[in-house]
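From just these sequences and the hints, can you work out the full model?
2 protein chains.
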Amino acid sequence: MNIDMIRAAALRIRGHARVTPMLTSPFLDEIAGRRVLVKAENLQHTGSFKFRGGWSAVSAMDDATRKRGIIAYSSGNHAQGVAAAAAAHGAPAVIVMPENAPKLKIDNTRALGAEVVLYDRAGGESREEVGGKIAEDRGLTLIRPYDEPQVIAGQGTTGLEIATQATALGVTSGDVIACCGGGGLTSGIALALEAEAPNMRVRPAEPEGFDDTARSLATGHKQRNPTETGSLCDAIITREPGDLTFPILQRLAGPGLVVTEDEALHAMSLAFKRLKIVVEPGGACALAAALFNGDKIEGDAVVAVCTGGNVDTDVFADALKRFP
Amino acid sequence: MNIDMIRAAALRIRGHARVTPMLTSPFLDEIAGRRVLVKAENLQHTGSFKFRGGWSAVSAMDDATRKRGIIAYSSGNHAQGVAAAAAAHGAPAVIVMPENAPKLKIDNTRALGAEVVLYDRAGGESREEVGGKIAEDRGLTLIRPYDEPQVIAGQGTTGLEIATQATALGVTSGDVIACCGGGGLTSGIALALEAEAPNMRVRPAEPEGFDDTARSLATGHKQRNPTETGSLCDAIITREPGDLTFPILQRLAGPGLVVTEDEALHAMSLAFKRLKIVVEPGGACALAAALFNGDKIEGDAVVAVCTGGNVDTDVFADALKRFP
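One line per chain: the protein sequences are A and B, in this order. Using the working numbering, the letters of the first sequence map in sequence onto residues 28 to 351. Using the working numbering, the letters of the second sequence map in sequence onto residues 28 to 351.
These are computed hints drawn from the structure, not numbers from a lab. Do not take every clue at face value.
Under the rule of at most 25 Å between Cα atoms (straight-line distance), these lysine-lysine pairs were calculated in the DSS-like manner [claimed, not checked]:
1) A/K130 / B/K348
2) B/K348 / A/K348
3) A/K348 / B/K249
Keep in mind it's a predicted model, so treat the numbers as computed, not measured.
Here you go:
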């Protein structure tokens, strides 16, 4: 896993993934007490950065493998990213999703042409087991959501864009906060920044109670979350950091930042009001950390990656109502 | 008023206005029955394209004039655009706003450093009279919202970007629908397309009951709306087309498109769900026309300009609730 793989992925996704904008607002700067640059990956195709990793992985396969088909397991954003990338490549796709995933994500994944297989996350079924079995039965190739070199390479292209866009705005040092589940995006950005913006440092943001990465970085050993359910931030809830991603984060990432669910909802409302973008709870953790955890951040400027916008209507309306 | 002024404005706003993205979604294409390209000017600084015209006008002034100060009258988006541009140039700004304008727009205009003077639109006060008097008393330079060459030039830079971005997506002909009030944006885009994308044609979109531009184009003479109040689409409600803008539209624009308020709200909800952007009712009329008036549009692709995103929370939440 290295920068050359990220640069190669950038060439493959060019013209397919969107170069998402870097947004700013003086009102957010005032709240944060420093300049806040928001990388709006919620505006990526399929509504999250996951499209990058999906496209990178599918486009890196040989034709014969791709034609046999692809399988992925995901609470929704990886599902949609892989489904869209597979469809664009003419490859069949099976997506294993928890039955309590947001309805919008399940519906979208189906509409993007994938076969959706639901499993009972709350009841203790493991998506790895369900997905692995179907893959074997049908001869499909599994695209893991983060512990997959070509997925990390695809997510890392976000970091290449951040380096370019932040530099254009006069920012060449400081923290780059990324909402972090298994660490595919965070580790990919880490490698990209190491090569392209060595004075910038990635830091993972997680919701309270699901801060496995922050605790793993603090202790130097992989830590587990006690559960994978019960958070509105469904997009970034994983059991523990990945085997590929964690060593990269250990080497390159700064300390993890932890936000409350209310802070994430408040950040969603501010993104609505000040940036005119729609962010889902899990996708708002980095912005929440930038806005409400300023005492744990150094430097005159901070970059926050809004990672996704696939939020059900009632959750979004509730965030606006609670933080008007 | 010509393309050279637009190109000069593009040089002045470069690095200050944002190059807003051109967004797409297969789900919107399916509803419209053709490709839909959405120019997201709601993501512009201050949440609408008006920042372009404000910056263009303020940056075109000589230093002495600028230092004396600027005045503008606006229901909100022009107000914020001018206020932000004036502040960035160190020029004092007075903004005359109707007292029933959305609270967010009034608050933002004040927060951007402008002095806000409210007037009673519903009670029959004219913003032109109120604004003109203050300008004379204080020696301020009035920046009109649309009948002002440098404002039209600034808005026209949107058209230059549309030509470039649509071409990059393989679209070089078809209708470009713009939400239309006084016609500053629509006429600016018209001139830009004439020069840069001669097979594309601008068309104004307006809400039902406030379709002065559509009726003016149809009859060949400027028509008036019976009232300037009573629409959620406050951003694009004007009495009649401008003296500068209407001749440009007569020469270059296609027939106007008229949408219902419900269609605008429905388009807002779809922009939320499918594009992850926040659009205000007046800013959603063009997208509504593209999605729900397909029988009045020709060609395999259509461009819709989402012109602004400054919407109060309750209006937005209501749109999501009514069109889930």
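Each hint, compared with the structure:
1. A/K130 / B/K348: Between A/K130 and B/K348 the Cα gap is close to 16 Å, so the pair holds against 25 Å.
2. B/K348 / A/K348: 13 Å, holds
3. A/K348 / B/K249: This hinted pair is violated, its Cα atoms lying about 43 Å apart.
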